[in-house]
Amino acid sequence: MNPIGNLNKIFESRIRLGVMSVLMVNEEVNFNDLKEVLEVTDGNLASHLSTLEENGFLKVHKGFIGRKTNTTYSITKAGEKAFKGHITALEQMIKFSQ
Amino acid sequence: MNEQQHLDTLTDIKRMMERSTRFISLSGLSGVIAGVSALVGACLAYILLRDYYYEWDVLGNHSREAFLHLKVRLVGLALLVLLVAISAGCYLTWRRAKKNGEAIWDGVARKVLVNLAIPLAAGAAFILGTLYNETPILITPTCLIFYGLALVNASKYTLSDIRYLGLAEIGLGIINLFAVRYGLYFWAIGFGVLHIVYGTSMWLKYERKAA
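Residue numbers (our numbering), protein chains in the order written: chain A, 1 to 98; chain F, 1 to 211.
Calculated from the structure, these hints are not laboratory results. We treat Cβ as the ideally placed atom computed from N, Cα and C, and that holds for glycine. Do not rely on the hints blindly, as some may be mistaken.
Unchecked claim - Restricting the straight-line Cα-Cα distance to at most 20 Å, the calculated cross-link-like pairs of lysine to any residue (SDA-like) are:
id	chain 1	residue 1	chain 2	residue 2
1	A	K81	A	M24
2	A	K35	F	A103
3	F	K98	A	E39
4	F	K111	A	E36
5	F	K14	A	I15
6	A	K59	F	A103
7	A	K35	F	G101
8	A	K35	F	D106
9	A	K81	A	R16
10	A	K68	F	D106
11	F	K99	A	V40
12	F	K14	A	E28
13	A	K84	A	I15
14	A	K59	A	I10
15	F	K14	A	T71
16	F	K156	F	L138
17	F	K111	A	E80
18	F	K14	A	E80
19	A	K9	F	Q5
20	F	K14	A	A89
21	A	K84	F	D8
22	F	K98	A	T71
23	F	K98	A	N32
24	A	K35	F	N2
25	A	K9	F	E3
26	A	K84	F	R15
27	A	K9	F	L116
28	A	K81	F	E3
29	F	K14	F	E102
As the list claims (entries may be wrong) - Covered by chain A, according to a simulated footprint, are these stretches of chain F (three or more residues, beta-carbon under 8 Å):
id	region
30	6–12
31	15–29
32	69–76
Required output: the full structure, derived from the provided sequences and hints.
Below you can see the structure in the form of structure tokens.
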């Protein structure tokens with residue numbers, strides 16, 4: 001069996017994989033904290049976040065702190081499943097090539 | 001994509017998970033400085049107490065005024081030690097975060113501070129209560145126990161080693177409860193010696209290689 005097929009195309013981007021990693025271990029993360037952990041620009045992060053949202057891997061909550069908008073993100077069940085599948089595939093590929 | 005790239009990806013995932021959940025910039029050296037200032041403070045407090053009891057025992061001057069004077073001086077000294085320890089800690093942690101290119105004030109740092117602050121605020125209220133009820137003998141065990149609880153509580157969001165420091169402080173505080181006359185010695189061990197030991201071992205473990 002060749003496990004390459006199990007690798008998720010969406011997670012080929014380092015930033016998208018990073019977003020998913022952070023959301024796996026944090027209940028809710030806001031835009032600015034994601035930006036700092038991943039060290040990316042606003043526009044870059046926003047476009048990757050919308051790709052993940054379109055695929056149903058994350059949920060967006062738009063809220064306010066005072067008058068400032070505070071957008072937070074959390075992972076969906078589908079996102080969790082896809083991420084775990086991707087990690088398993090990576091592990092299998094390492095075993096496969098040994 | 002080869003094996004090495006997959007391993008790198010997994011390492012990257014692990015690193016991002018850790019970075020987003022744990023505040024790891026806390027400098028070990030700040031523990032050492034906190035410990036040294038606590039020991040200096042304890043020595044000064046020892047001298048203040050010795051002078052007070054000398055007058056009280058030998059010269060027989062036991063006025064309410066002298067006792068109040070002693071209390072004010074001891075509280076002032078404690079606040080000064082706290083100020084030195086906190087500012088050195090903030091500065092060294094800021095320097096280390098800057099060197100490693102890490103953010104110092106992010107969501108995780110906020111979690112560490114909030115989780116430290118809750119038991120500390122409860123402890124501070126408790127200490128004010130012991131002063132109000134004129135049972136100052138309970139101050140050192142209270143300091144040690146609540147500080148230990150604060151460290152254990154915050155250890156979920158920072159280096160997990162801090163949990164052991166917290167447990168040691170709690171244990172010391174509990175023993176102190178049953179030997180209240182030796183409060184100053186317990187205080188010097190808990191805030192001085194333990195901080196120096198912890199700070200040195202953290203520095204050797206995480207920072208020496210990087211420096």
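Quick rundown of the hints versus the structure:
1. A:K81 <-> A:M24: 10 Å, holds
2. A:K35 <-> F:A103: 11 Å, holds
3. F:K98 <-> A:E39: Holds, at about 14 Å.
4. F:K111 <-> A:E36: 16 Å, holds
5. F:K14 <-> A:I15: The hint holds at about 14 Å.
6. A:K59 <-> F:A103: 25 Å, violated
7. A:K35 <-> F:G101: 14 Å, holds
8. A:K35 <-> F:D106: Holds: A:K35 and F:D106 sit about 10 Å apart, inside 20 Å.
9. A:K81 <-> A:R16: Judged against 20 Å, a Cα distance of about 15 Å means the pair holds.
10. A:K68 <-> F:D106: Holds, at about 17 Å.
11. F:K99 <-> A:V40: Within the cut-off at roughly 19 Å; holds.
12. F:K14 <-> A:E28: Answer holds: F:K14 to A:E28 is near 18 Å, not above 20 Å.
13. A:K84 <-> A:I15: The given pair, whose Cα atoms are some 17 Å apart, holds under the 20 Å limit.
14. A:K59 <-> A:I10: Judged against 20 Å, a Cα distance of about 16 Å means the pair holds.
15. F:K14 <-> A:T71: 25 Å, violated
16. F:K156 <-> F:L138: With a Cα-Cα distance of about 29 Å, the restraint between F:K156 and F:L138 is violated, given a limit of 20 Å.
17. F:K111 <-> A:E80: 24 Å, violated
18. F:K14 <-> A:E80: 16 Å, holds
19. A:K9 <-> F:Q5: 15 Å, holds
20. F:K14 <-> A:A89: It holds: about 16 Å lies between the C-alpha atoms, which stays within 20 Å.
21. A:K84 <-> F:D8: The given pair, whose Cα atoms are some 17 Å apart, holds under the 20 Å limit.
22. F:K98 <-> A:T71: Cα-Cα ~27 Å, so violated.
23. F:K98 <-> A:N32: 18 Å, holds
24. A:K35 <-> F:N2: Judged against 20 Å, a Cα distance of about 29 Å means the pair is violated.
25. A:K9 <-> F:E3: Holds, at roughly 18 Å.
26. A:K84 <-> F:R15: Holds, at roughly 16 Å.
27. A:K9 <-> F:L116: Violated - the C-alpha atoms of F:L116 and A:K9 are around 42 Å apart, more than 20 Å.
28. A:K81 <-> F:E3: Since the Cα atoms of A:K81 and F:E3 sit roughly 23 Å apart, the hinted pair is violated (cutoff 20 Å).
29. F:K14 <-> F:E102: Cα-Cα ~16 Å, so holds.
30. 6–12: holds (count 5)
31. 15–29: holds (count 5)
32. 69–76: Check failed, 0 qualifying residues.
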